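Undergrad: Using the hints provided, position chain B relative to the given structure of chain A.
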Amino acid sequence: MSTVKLTVNGKAVSAEVEDRTLLVHLLRDHLNLTGTHIGCDTSQCGACVVHIDGRAVKSCTVLVGQANGANVTTIEGIAKGDELHPMQAAFRDNHGLQCGYCTPGMIMSAIDIVHRHSGKLDEATVRHELEGNICRCTGYHNIVKSVLDAAGRMKVAQAAE
Amino acid sequence: MGVEGIGASVVRKEDRRFITGKGRYVDDIKLQGMTYAHFIRTPHAHAKVKSIDSAAAMKMPGVVGVLTGKELVDDKIGNLICGWAITSKDGTPMKMGAWPAMAPETVRFVGQAVAVVIAETRNQAKDAAEAVVVDYEELPAAADIRAAIKPGAPQLHPEAPGNVVYDWALGDEAAVKDAFAKAANIVTLELTNNRLVPNAMEPRSAIAEYNDAEEHFTLYTTSQNPHVARLVLSAFYNVAQEHKLRVIAPDVGGGFGSKIYIYPEEMVALWASKKVRRPVKWTGDRTEAFLTDAHGRDHVSKAEMAFDKDNKILGLRVKTHANFGAYMSLFSSAVPTYLYVTLLSGQYVIPAIYAEVMGVYTNTTPVDAYRGAGRPEASYLLERMMETAARQLKVDPGELRRKNFITQFPYQTPVIMAYDIGDFGASLDAALKAIDYAGFPARKAKAKSEGKLRGIGFSCYIEACGIAPSKAVGSLGAGVGLWESAEIRVNPVGTIEVLTGSHSHGQGHETTFAQLISERLGVPISQVQIVHGDTDKVQFGMGTYGSRSIAVGGTAIIKAMEKVEAKAKKIASHLLEASEGDIIIENGEFKVTGTDKSIALPMVALAAYTAHNLPDGMEPGLKETAFYDPTNFTFPAGAYICELEVDSATGKTSFVNFVAADDFGRLINPMIVEGQVHGGLAQGIGQALLEGAVYDSNGQLVTASFMDYTMPRADDLPSFKLNHTPTLCPGNPLGVKGCGEAGAIGASAAVINAITDAIGNNKLEMPATPDRVWRAIHAKA
Numbered sequence: 006m007s008t009v010k011l012t013v014n015g016k017a018v019s020a021e022v023e024d025r026t027l028l029v030h031l032l033r034d035h036l037n038l039t040g041t042h043i044g045c046d047t048s049q050c051g052a053c054v055v056h057i058d059g060r061a062v063k064s065c066t067v068l069v070g071q072a073n074g075a076n077v078t079t080i081e082g083i084a085k086g087d088e089l090h091p092m093q094a095a096f097r098d099n100h101g102l103q104c105g106y107c108t109p110g111m112i113m114s115a116i117d118i119v120h121r122h123s124g125k126l127d128e129a130t131v132r133h134e135l136e137g138n139i140c141r142c143t144g145y146h147n148i149v150k151s152v153l154d155a156a157g158r159m160k161v162a163q164a165a166e
Numbered sequence: 016m017g018v019e020g021i022g023a024s025v026v027r028k029e030d031r032r033f034i035t036g037k038g039r040y041v042d043d044i045k046l047q048g049m050t051y052a053h054f055i056r057t058p059h060a061h062a063k064v065k066s067i068d069s070a071a072a073m074k075m076p077g078v079v080g081v082l083t084g085k086e087l088v089d090d091k092i093g094n095l096i097c098g099w100a101i102t103s104k105d106g107t108p109m110k111m112g113a114w115p116a117m118a119p120e121t122v123r124f125v126g127q128a129v130a131v132v133i134a135e136t137r138n139q140a141k142d143a144a145e146a147v148v149v150d151y152e153e154l155p156a157a158a159d160i161r162a163a164i165k166p167g168a169p170q171l172h173p174e175a176p177g178n179v180v181y182d183w184a185l186g187d188e189a190a191v192k193d194a195f196a197k198a199a200n201i202v203t204l205e206l207t208n209n210r211l212v213p214n215a216m217e218p219r220s221a222i223a224e225y226n227d228a229e230e231h232f233t234l235y236t237t238s239q240n241p242h243v244a245r246l247v248l249s250a251f252y253n254v255a256q257e258h259k260l261r262v263i264a265p266d267v268g269g270g271f272g273s274k275i276y277i278y279p280e281e282m283v284a285l286w287a288s289k290k291v292r293r294p295v296k297w298t299g300d301r302t303e304a305f306l307t308d309a310h311g312r313d314h315v316s317k318a319e320m321a322f323d324k325d326n327k328i329l330g331l332r333v334k335t336h337a338n339f340g341a342y343m344s345l346f347s348s349a350v351p352t353y354l355y356v357t358l359l360s361g362q363y364v365i366p367a368i369y370a371e372v373m374g375v376y377t378n379t380t381p382v383d384a385y386r387g388a389g390r391p392e393a394s395y396l397l398e399r400m401m402e403t404a405a406r407q408l409k410v411d412p413g414e415l416r417r418k419n420f421i422t423q424f425p426y427q428t429p430v431i432m433a434y435d436i437g438d439f440g441a442s443l444d445a446a447l448k449a450i451d452y453a454g455f456p457a458r459k460a461k462a463k464s465e466g467k468l469r470g471i472g473f474s475c476y477i478e479a480c481g482i483a484p485s486k487a488v489g490s491l492g493a494g495v496g497l498w499e500s501a502e503i504r505v506n507p508v509g510t511i512e513v514l515t516g517s518h519s520h521g522q523g524h525e526t527t528f529a530q531l532i533s534e535r536l537g538v539p540i541s542q543v544q545i546v547h548g549d550t551d552k553v554q555f556g557m558g559t560y561g562s563r564s565i566a567v568g569g570t571a572i573i574k575a576m577e578k579v580e581a582k583a584k585k586i587a588s589h590l591l592e593a594s595e596g597d598i599i600i601e602n603g604e605f606k607v608t609g610t611d612k613s614i615a616l617p618m619v620a621l622a623a624y625t626a627h628n629l630p631d632g633m634e635p636g637l638k639e640t641a642f643y644d645p646t647n648f649t650f651p652a653g654a655y656i657c658e659l660e661v662d663s664a665t666g667k668t669s670f671v672n673f674v675a676a677d678d679f680g681r682l683i684n685p686m687i688v689e690g691q692v693h694g695g696l697a698q699g700i701g702q703a704l705l706e707g708a709v710y711d712s713n714g715q716l717v718t719a720s721f722m723d724y725t726m727p728r729a730d731d732l733p734s735f736k737l738n739h740t741p742t743l744c745p746g747n748p749l750g751v752k753g754c755g756e757a758g759a760i761g762a763s764a765a766v767i768n769a770i771t772d773a774i775g776n777n778k779l780e781m782p783a784t785p786d787r788v789w790r791a792i793h794a795k796a
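The listed protein sequences correspond, in order, to chains A and B.
Under the numbering used here, the residues of the first sequence are numbered 6 to 166, in order.
Under the numbering used here, the residues of the second sequence are numbered 16 to 796, in order.
Some clues are possibly wrong.
Claimed, not checked - Here's a subset of chain A near chain B, in silico, CB distances under 8 Å, partners left out:
1) 19
2) 22
3) 23
4) 49
5) 50
6) 52
7) 89
8) 97
9) 100
10) 105
11) 135
12) 145
13) 146
14) 148
15) 149
To be verified - Quick list of in silico lysine-lysine cross-link-like pairs, DSSO-like style, CA-CA up to 27 Å:
16) 197/B x 45/B
17) 37/B x 150/A
18) 612/B x 578/B
19) 10/A x 37/B
20) 418/B x 150/A
21) 448/B x 150/A
22) 16/A x 45/B
23) 486/B x 448/B
24) 37/B x 85/A
25) 125/A x 736/B
26) 37/B x 16/A
27) 10/A x 197/B
28) 327/B x 409/B
29) 448/B x 317/B
30) 667/B x 150/A
As the list claims (entries may be wrong) - Residues of chain B placed beyond 12 Å of chain A at every Cβ, according to the derived structure:
31) 146
32) 149
33) 150
34) 193
35) 257
36) 452
37) 461
38) 486
Hint data in this document are derived by calculation from the structure and do not stem from the laboratory.
Note that this is a predicted model, so its numbers are computed, not measured.
Where is the CB? At the ideal position from N, CA and C, for every residue including glycine.
The shape of chain A in the complex, shown without the other chains:
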C-alpha cells in the first residue's frame, strides 16, 4: 500500500491504495469520479482518457504512483460551473454521442487534439487523431463534425480571454 497525492479537477486529493492500482480505478473507485469509463483491457478504446498535466492520457495505462504529484483533469472538471466546455457543447449540438459511454474519453482526447493542432484541423486530421478512441454507436460522422465545430468555438473562446 502507498499514499498518493495529486490534484484532481483543481482539488488536492490523497489516497491510500495498493501499488498496482491504476489511475482509472483511483478515479472511479476511490474518488467516485465515474465519468471516466473502462471499455477494454488493452488500452485501445480510449474511454478512460483524462488529462495529466494538460496532455490526453489513457488512465487505464497509468499506475497511480506514476501520477503522484500530477495535475489530473477528468470529464467532470472541464465545465465552468453550469457553462459547458466548448467541446462538450459541440458534442451535444452536433449529436456527437449516442449511448454516451465512449463520450468522456472522446471529449478529453478531442480537446487535446484541438490544442495540439491549433487552427489547422481538417476532417482527415481529426479522423486520424481519433484513432485511439473507439465508438460503436455513431460511425464517427457526428464526432468528427463536433470536433471541427469545437475547434472553431475554442478559438473564439480563446480570443475572448
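TA: Just chain B, lined up with the frame of chain A:
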C-alpha cells in the same frame, strides 16, 4: 409541427449528463457492503470438468465464497433458455442440449464459466481465482460448421445427433424447381457471412442485492429489456419470484442485440447475492465480452437465382448453414429462420423461393441476434446475387434491380411477409443522383489513368422491423408476445411523465418520445420526463431491439396519450362549460373552438387531482396506460451506393463516396435518425472490411481483444451522405417504420459489390482485408 414536435431535430435531453460525466451506468453504482465476483472460465473449447478444488482459494485474503455449477444444480436453478421453438422439415422439434449457467460436468466453448469467486475487492477475487484448481479432461472440438457436420465429428450434445439443431425449410420447393426448369439464365453464388462480435463499448455488468427480511432481490443490469430479464430469471431460471425481484437497467452503454439475453453471469450474481447474503457486483472485462457476449451472423450459403430471357427473376433457391455456437441462446433459433428467410424476397418480385437452413452446434461462443439479426444475412446474399447477376447478364446493376422491383402494394411475398408500402424506385433514384452515377465512367477512367482501381456497388435492402405482431410470431414459435406498453402521468402541476417499456441505450428515447408529447399537447419537451428501465416503475415492457421502439413503443405512447386527452377534454369542457366536441388542444391550452375561452393544461391537471369540480362520476387523477400490439411488421427499405478505390499494389480500399437513400416513414427527430444510420453503416462497413471473429481448429478465439479484432476507427470510415425518401407506414398512427438497423443491414453488400467491381473478381469474402483483396486481384491475373 411545434418547434419541439414531430420532425424537429432538437438536441437530446439526455446529453447533458453524458457529456459532463454524470451518466449512471451499472458499474458506476456502489452498494453498502458490496462484494465482487470473478468467474473462472475454461481455457478449453471442449472438456470434461473432473474436479474443482477451491480449498486454497477459500483461505486467500478477502474471499467470501467460491461457488460452482454443482451448487446451482443443488439449488434447482434452471438452465438458460431458448425462447423460440423451430420445427425441422421432417416435423421434429429442434434438438437442444442443456445450458447450465456454470458447467457442472462438460464445457463446450472457451470462456464458459465453471465457478465464481466472490471477495471483498475486485483484485482479491481475481487473485483467489488464480488459486482455484480445475482439472479438465480435454475432448476434441468442432470449431466451425464444416468441422461440426462432417462424419465422425466431435459430438457436443447427446440430444442433437450430428450437431444438428434443426434442418428447416420455408417456401415452395416444387415451384422453385419449375422456375429453374424454364429459366433462360441461372446465376449461382456461394458466400460466407462472417461472424461478428457486437462490442458495445460498455461491457456487461450486474449488481445484485438480496434483502433477507423481505426475501426481495434487486438487480442492476446492462439490459435492453429489464422486464424480460425479470420474467426469465423468475419463470425459467428459478432464482427469484417475479414480485420479489426488481430489475433496473440504468444508463446502458450500447447493446446492438448483445444485451437482450439473460446471461449466466447476471443470473449467477443474483443467485450468489442470496448465497453470500451480501450485494454482489460483476463487471466483465473486454476479453470476457469477446468470449461470452453472444456473437452475430456466421452463415455459409449457396444460392441460385433463375431469370427469364427478359431478365425478370423466376425463382430463388438458397441453402444455408448457420452456426449457433455451443448453446442455443435466447432468440438464436429465430435468427437464421424467421428473421432471415422471410426477407429473401428483398425488394423484388420473386415468384418462387425455397430456402433450407441447417442450424449447427460448434464449440464456439453462442450466436444470437446482432444489429439486424438475419436481415443483414438475407440482404447481403440477395444484393450480392443481384450484382453478380447484372455482371453475368451484362446489364446495369441498377436497371436489373429496377426491372424486378415490387411496385404494387400491399405485396405478399412467397416467404410469409406482406409488405405494406414502399417506393423502391424513389430510393434508388435518390441514391443514383446523390452519387452522380452518370459521371461514374469518367471518374473510373480518370482513376485508372492514375493507377487506381475504382468500383461502384449497389445494395437495395429491405428489412422487417416493428417487431412484432404477437399472434403472428406466436404462430411461428415465439415464446413471448412482442407488444409494448406505455403509461402517461400528467402530474397535478401539469408536468408529464411517460413510463415506457422501451429501453434506451443510445437511441435517444428521452428526446424522441418527449417530442411525441410536445407534438400533441404543445408543451416544451423540458416539461416531459421519460422513465424507463426499472421494473418497479414501468408496468411492463418488452424492451428495445429489432428497430421496434418508435413503431411499437411510440405507438403505445400515442394510444395512452389519446386516453389522457379524452379525459382532459372532458374535464376542460366541464370547467369551461362548453361542449366536449368543441375543445381543441393547442400550445398547452384547452380551447373552446371559435371563442376566446381556454384553460391551461396545468389547471386541468390540478382540477383532476383536487377533484373538487369534476364531471359527475369521473374518477380523480390524470393518468392512463396502454398496451399496443402491432398489426404487421414495418418495412424500412432503401438504396445504398458505395464508390471506392482499391490500391492494386497493397489491396487497400479507400472510400470515395458512400450515399444512402432510406425510407423510414415519418421521421420524428431527423438528427437522431441520421445518427442511427451513421452507426449502422459503420457496423455494416466494419463487417465488410474489418471485422471477423476467428477461431483456430481447437476452438480458441484468436480475435479476443481490440488488438486482434478490428473495430472500425474514425479513419476507416467516410462521412456519409444521407437522403430520405419516406412513404408513410399505414400500420401505425405515426407512419413510422424504425431506423436502428438499416445501415448494418444494407451497407456490407454495397461495399463488397464495389470492391469486386473495382478488381473484376467476384470471389471475395468478408472481411475484405487488404490481404484478401490483394489475393483476389492476383488470383484473377
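Undergrad: Each hint: holds or not?
TA: Hint check results:
1. 19: 20 Å, violated
2. 22: Where the cut-off is 8 Å and the nearest Cβ of chain B is about 11 Å from residue 22/A, the hint is violated.
3. 23: Cβ of residue 23/A sits 7 Å from chain B, so the hint holds.
4. 49: 4 Å, holds
5. 50: Where the cut-off is 8 Å and the nearest Cβ of chain B is about 6 Å from residue 50/A, the hint holds.
6. 52: Holds, about 6 Å.
7. 89: 7 Å, holds
8. 97: Nearest chain B Cβ about 4 Å off; hint holds.
9. 100: 5 Å, holds
10. 105: At 3 Å from the nearest chain B Cβ, residue 105/A passes the 8 Å test, so the hint holds.
11. 135: With Cβ-Cβ at 4 Å, under 8 Å, it holds.
12. 145: 4 Å, holds
13. 146: 4 Å, holds
14. 148: 7 Å, holds
15. 149: 6 Å, holds
16. 197/B x 45/B: 69 Å, violated
17. 37/B x 150/A: Status holds; Cα separation ~23 Å.
18. 612/B x 578/B: 23 Å, holds
19. 10/A x 37/B: 24 Å, holds
20. 418/B x 150/A: 39 Å, violated
21. 448/B x 150/A: 24 Å, holds
22. 16/A x 45/B: Holds, at about 23 Å.
23. 486/B x 448/B: 42 Å, violated
24. 37/B x 85/A: Within the cut-off at roughly 15 Å; holds.
25. 125/A x 736/B: 25 Å, holds
26. 37/B x 16/A: 19 Å, holds
27. 10/A x 197/B: 82 Å, violated
28. 327/B x 409/B: OK: residue 327/B and residue 409/B at ~14 Å, within 27 Å.
29. 448/B x 317/B: 33 Å, violated
30. 667/B x 150/A: 26 Å, holds
31. 146: 17 Å, holds
32. 149: 22 Å, holds
33. 150: 27 Å, holds
34. 193: Non-interface label on residue 193/B holds, nearest chain A Cβ at 44 Å vs cutoff 12 Å.
35. 257: 28 Å, holds
36. 452: 23 Å, holds
37. 461: Its Cβ never comes within 12 Å of chain A, the nearest being 21 Å, so this holds.
38. 486: Residue 486/B clear of chain A: closest Cβ-Cβ about 33 Å, beyond 12 Å.
The earlier numbered hints that this structure contradicts are 1, 2, 16, 20, 23, 27, 29.
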